[in-house]
Structure formats: structure tokens, C-alpha cells
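A.B. asks: Take the two lone chains, each set in its own frame, and fit them into one complex as the hints suggest.
Residue numbers (our numbering), protein chains in the order written: chain A, 5 to 120; chain B, 28 to 144.
Simulated from the structure, these hints should not be mistaken for lab results.
It cannot be assumed that every hint is accurate.
With a cut-off of at most 25 Å between alpha-carbon atoms, the simulated SDA-like pairs for lysine to any residue come out as follows [to be verified]:
| # | chain 1 | residue 1 | chain 2 | residue 2 |
| --- | --- | --- | --- | --- |
| 1 | B | K69 | A | V7 |
| 2 | B | K69 | A | S13 |
| 3 | B | K85 | A | R103 |
| 4 | B | K131 | A | S106 |
| 5 | A | K45 | B | V38 |
| 6 | B | K96 | A | S106 |
| 7 | B | K69 | A | L72 |
| 8 | B | K131 | A | F43 |
| 9 | A | K24 | A | G57 |
| 10 | B | K76 | A | A6 |
| 11 | B | K69 | A | V15 |
| 12 | A | K45 | B | S30 |
| 13 | B | K131 | A | P113 |
| 14 | A | K45 | B | T104 |
| 15 | A | K45 | A | H11 |
| 16 | B | K85 | B | A114 |
| 17 | B | K85 | A | E108 |
| 18 | B | K131 | A | V7 |
| 19 | A | K45 | B | L73 |
| 20 | A | K45 | B | H102 |
| 21 | A | K45 | B | A136 |
| 22 | A | K24 | A | P44 |
| 23 | B | K131 | A | Q42 |
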Amino acid sequence: GAVVSQHPSWVICKSGTSVKIECRSLDFQATTMFWYRQFPKQSLMLMATSNEGSKATYEQGVEKDKFLINHASLTLSTLTVTSAHPEDSSFYICSARDRPSSYEQYFGPGTRLTVT
Amino acid sequence: AQSVTQLDSHVSVSEGTPVLLRCNYSSSYSPSLFWYVQHPNKGLQLLLKYTSAATLVKGINGFEAEFKKSETSFHLTKPSAHMSDAAEYFCVVSDSTLSGGYNKLIFGAGTRLAVHP
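The following block holds chain B by itself, in its conformation from the complex (with noise of 0.2 Å):
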């Protein structure tokens, strides 16, 4: 079965710092691989998604993830960072043993990113 581990519950950095959201997963098969993002009292949205394509992958608002296959890591990336990013941010993989023949998302706990000035 998949799981997801998200290295660090709460990551804090000053605006216009590097941000480095580490994630790892555990998966028998080639797995689909998601960040989201959640800012309080709204809902989810994907930031990007890791497919089987290219390993670096480049989503919204400046963020990019590598998939490492060796280290099965997901890192979320951003070379700076801004103070509207901070926000809940999920790992999360794609369960794609049959269950009931449904791909089933399966989340980390979440790291809490605060930005300060």
C-alpha cells in the first residue's frame, strides 16, 4: 500500500528565502505524486502533479518538485518566497491498487508554512 511522510510539520522562512518542503513516499508501484496547497478555511489546490513524465516538474506560482526515485522523495521547492504563500501544504499519492478498481488519494499530515518579513 502507498503511503506519504512529510518530513516537517511546520516550516517557517523570510519572505524572499528559498523554500524547501520535503516529502517522501512509499509505493510498489510507479506512483502519481500531488502537492497541494490550502490556505485557511478554503479548499485544495494543485499546486503539481508527477505522472510518469519529466522527473522535475513545474507548477503555479513558482514552485517545482523532483521526483527521486532512489531516495523516493517528492521535495516542493520555490526560490523565493512570498508572503501570500503561506499555507498548508499536502503531499500526496495516488493509491493505485484496485479498491473497488478506484485510484484513491492518499494524504501526508501536512506541513505549515509561515513566511515572515
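Next up, chain A with everything else stripped away, as it sits in the complex (with noise of 0.2 Å):
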């Protein structure tokens, strides 16, 4: 139990175009879902909070704007990366808690995005 799905699991794009991805919890309701950004050889940073329904919460230096996230069901939050550059070419890897009260979390696959 507790899988987390992401998809592409690897996307190419063009400098100047936008790219979704998709995160879906697949045998329970997330309650909350997180989205995380790795670069090469570094550790996981928190780039954004959401709960479904409600607007995501970013940590400080996330431009809200260049990433957006919607929570629109308890299975599925998808990151939007407008207008993509090639500084944004990472790893984005998602996260989902089944119940508020929980510390863990249940992670995707993770997403490789290169912008050229």
C-alpha cells in the first residue's frame, strides 16, 4: 500500500515552454501532497505544500508564479513549470501523507526534467 505515482518520469522541453507533472497517490486520499526539487549529487529541497482545494503554500525563494501547483482531488497534484529555462532542468519528486496528524510521507518516483 501507500504508492505514489509520477508522471513523465523523464521529459524534455524547449526553453520557453511550460511542462506539467503529474503526481497521483494510487491506494489512499492524500491529504497533503509535497513537492520536492533535487539537484545532481544534492539532497531533497521543499519547494511547496498543498492541501486539496486549497492554494499551495511555497517556501521562501519559490517563485509561485514559475511553479504552479494545483491539489484539485485527493489523488492527484500536479506542478507546472511556466516558461521553462534550463536552470530548471532538476529532479521533482512529490510526496503524499494520508492523515494530517502523520509525519510520514510516501514518495513518487520522482520526475527528471532537462530544459534545452
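C.D. replies: Pasting the structure below:
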């Protein structure tokens, strides 16, 4: 149980275009979903936290107009990177929590974005 | 605020020898602590977690960790390394402060474990 999927697993896009990444909880309802960014050989940095039906809470330094997060249902959250640039190339990982009081998060396999 | 420090960025061991990955945390509250493993280009897999129950926590694949409050440590160990253990390991603490009511995970910088034949 507690499986989180991401789609696509990798994507290449041209500079200036937008790309959408999906995060789904397959066998549970995710009250909260998280989006992380990981640069090569570095740790995970939390980008934003989202609850179903409400606006995402962004971490300091993360541009909310560039990284659009939508948590439209209890099983789906999307991250849209708008007007992507090469510096946005990274590994994006989502996670989900099944209970508000839970400390544990279930992680997706990640999406590798390359902007050319 | 919580923080976590992984004391070694790289650890190299021979197959069959013990593994020790060190982690120290800083927390004003009773922390929840986790160890995650990440294989190349893969997502994170939970190895084990401490949530104020037994201080010695056993996880998957023969790993275990001991919560030592007096030392603020949560080191990860395994008696005998296997080639398949080569990966990146993250020590993680849960930020239980109310940041909009959400418990955030604070990641350490990671320790890359290499296992040699």
C-alpha cells in the first residue's frame, strides 16, 4: 500500500515552454502533497506544500508564478513549470501524506526535467 | 527549528563489513526521525522511522538505527554490507512546528555509500 506515482518519469522541453508533472496517490487519499526539487548529487529541497482544494504554500525563494501547483483532488496534484529555462532542469519529486497528523510521507519515483 | 547533519558525505566499505552512517539532529521538540535510501535515478524508499517508541529501530534490508537523545544522534547501521546497498542515504527529521499546520520533512545533505567487492 501507500504507492505514489509520477508522470512522466522524464521529460525534455525547449526553453520558454511549459511542462506539467503529475503526482498521484494510487491506493490512498492524500490529504497533503509535497513537491521537492533535487539537483544532481544534492539533497531534496521542499518547494511547496499543498492541500486538496486550497492554495499551495510555497517555501521561501520559490517563485509561485513559475511553479504552479494544483491539488484538484485527494489523489492528484500537478506541478507546472512555466516558461522553463535550462536552470529549471532538475529532478522533481512529489510525496503524499495520508493523514493530517502523520509525520510520514510516501514518495513518488521522481521526474527528471531537462530544459534545452 | 529542526535541522539534521549527516557527518559523512561519502562512506566506502567492503562487502561483508559493517556499515555506519552518522546523523545528528537538532530539535526543540520530541522529533520524528527517518532514514531514506535513494538508488540512482530512483525515488526515495523508507528504511526505518523513529516516532518516540523503542529507541532501537529495525528497518528493512537488515538496517537499524538507535535514537540517542543525550547525544542527539540517530546513526544508521548494518552488520554486513551488500553490493546492493550502494546508494545515497538521507537522514530526515520531521519539523513538528506549526508551519500552517503541516509537518515538514527536513533532509540532511545525504551520505553516498559505496560498497566494494
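A.B. asks: For the pair we were handed, B/K69 and A/V15, check the Cα-Cα distance against 25 Å.
C.D. replies: holds (15 Å)
A.B. asks: For the pair supplied as a hint, A/K45 and B/H102, confirm whether the alpha-carbon distance does not exceed 25 Å.
C.D. replies: holds (21 Å)
A.B. asks: Between A/K24 and A/G57, is the straight-line Cα distance small enough, at 25 Å or below?
C.D. replies: holds (18 Å)
A.B. asks: Just to be careful, I want the Cα atoms of B/K96 and A/S106 compared with a cutoff of 25 Å; is the pair within it?
C.D. replies: Given pair B/K96, A/S106 holds - Cα atoms ~22 Å apart, limit 25 Å.
A.B. asks: Could you grab the alpha-carbon distance between A/K24 and A/P44 and see if it respects the 25 Å cut-off?
C.D. replies: Cα-Cα ~21 Å, so holds.
A.B. asks: Are B/K131 and A/F43 close enough, with their CA atoms no more than 25 Å apart?
C.D. replies: Since the Cα atoms of B/K131 and A/F43 sit roughly 19 Å apart, the hinted pair holds (cutoff 25 Å).
A.B. asks: With the threshold set at 25 Å, check whether the alpha-carbon distance from B/K131 to A/S106 stays at or below it.
C.D. replies: holds (10 Å)
A.B. asks: For the pair supplied as a hint, B/K85 and A/E108, confirm whether the alpha-carbon distance does not exceed 25 Å.
C.D. replies: This hinted pair holds, its Cα atoms lying about 16 Å apart.
A.B. asks: Keeping to a limit of 25 Å between CA atoms, is the pair of B/K85 and B/A114 held or broken?
C.D. replies: Distance ~19 Å between B/K85 and B/A114 Cα, so the pair holds.
A.B. asks: Just to be careful, I want the Cα atoms of B/K76 and A/A6 compared with a cutoff of 25 Å; is the pair within it?
C.D. replies: holds (16 Å)
A.B. asks: Verify the proposed pairing of A/K45 with A/H11, using a straight-line Cα cut of 25 Å.
C.D. replies: holds (22 Å)
A.B. asks: Does A/S13 sit within 25 Å of B/K69, going by the straight-line distance between their CA atoms?
C.D. replies: holds (10 Å)
Hint violations for this structure: none, all hints satisfied.
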